[in-house]
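Peer 1: Given next are the chains, with one letter for each unit.
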Amino acid sequence: NAGVTQTPKFQVLKTGQSMTLQCAQDMNHEYMSWYRQDPGMGLRLIHYSVGAGITDQGEVPNGYNVSRSTTEDFPLRLLSAAPSQTSVYFCASRGGGRRNEQFFGPGTRLTVL
Amino acid sequence: KNQVEQSPQSLIILEGKNCTLQCNYTVSPFSNLRWYKQDTGRGPVSLTIMTFSENTKSNGRYTATLDADTKQSSLHITASQLSDSASYICVVSRSNDYKLSFGAGTTVTVRA
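These protein sequence lines map, in sequence, to chains A and B.
Quick note on our numbering: the first sequence kicks off at 1 and runs consecutively.
Quick note on our numbering: the second sequence kicks off at 1 and runs consecutively.
Because the hints were derived from the structure by calculation, they are not lab data.
Certain hints may be false.
Unchecked claim - Mimicking SDA-like on lysine to any residue, the simulated pairs with C-alpha atoms at most 20 Å apart in a straight line are: (1) K71/B with V110/B; (2) K99/B with T55/A; (3) K99/B with P61/A.
Given the structure is predicted, the values throughout are model-derived calculations rather than measurements.
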């Protein structure tokens with residue numbers, strides 16, 4: 001049981017490039033989400049999904065796309081990278097019920113030059 | 001304005017000493033409050049979760065308290081160890097949706 005896995009761990013992009021951050025979980029969780037973490041700020045929700053085929057925007061969705069074709073995978077796409085997207089990105093998953101613990105992946109540190 | 005405010009922003013303590021971290025929130029309607037520990041370079045890991053009816057929860061040397069009337073929570077670390085050096089994040093969940101509100105965290109440094 002690997003929990004939540006993310007790849008890559010580190011990435012450097014040039015402004016305007018696109019890329020996909022991968023996220024997978026093996027706990028059969030319905031709810032998955034993407035956050036970004038910036039210095040001095042709490043984690044901010046980018047996009048989330050309550051099940052395969054269902055996605056919705058969080059509080060900072062601009063510049064990012066997601067899809068959820070399977071329960072296990074929830075990739076995050078940066079369409080045209082900007083320096084403002086330099087951040088640490090965390091994927092998380094949670095089972096049903098509001099008390100259930102949210103499990104976080106190890107994070108992807110992205111730098112956009 | 002962030003709906004979850006944590007204090008202090010950072011603190012340094014000597015190994016073996018105790019410390020208390022504070023969390024004030026305005027999130028409503030309230031469902032539960034969680035404390036996470038985040039080691040450098042890693043994702044957050046849950047320490048405790050408390051619902052409206054729970055006013056204290058322990059996990060080893062970590063004890064969390066909740067006052068839902070004043071919308072305040074604290075995390076007390078007893079007999080600190082070097083491995084307690086981390087960021088501690090307070091997270092509050094609303095009862096009407098899945099979304100969580102995160103505090104900015106308190107960075108704790110334990111020195112020998």
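Peer 1: K99/B and T55/A: Cα distance at most 20 Å?
Peer 2: 13 Å, holds
Peer 1: With the threshold set at 20 Å, check whether the alpha-carbon distance from K99/B to P61/A stays at or below it.
Peer 2: 14 Å, holds
Peer 1: Given the hinted pair K71/B and V110/B, is their Cα-Cα distance within 20 Å?
Peer 2: 28 Å, violated
Going down the numbered hints, you'll see the structure goes against just number 1.
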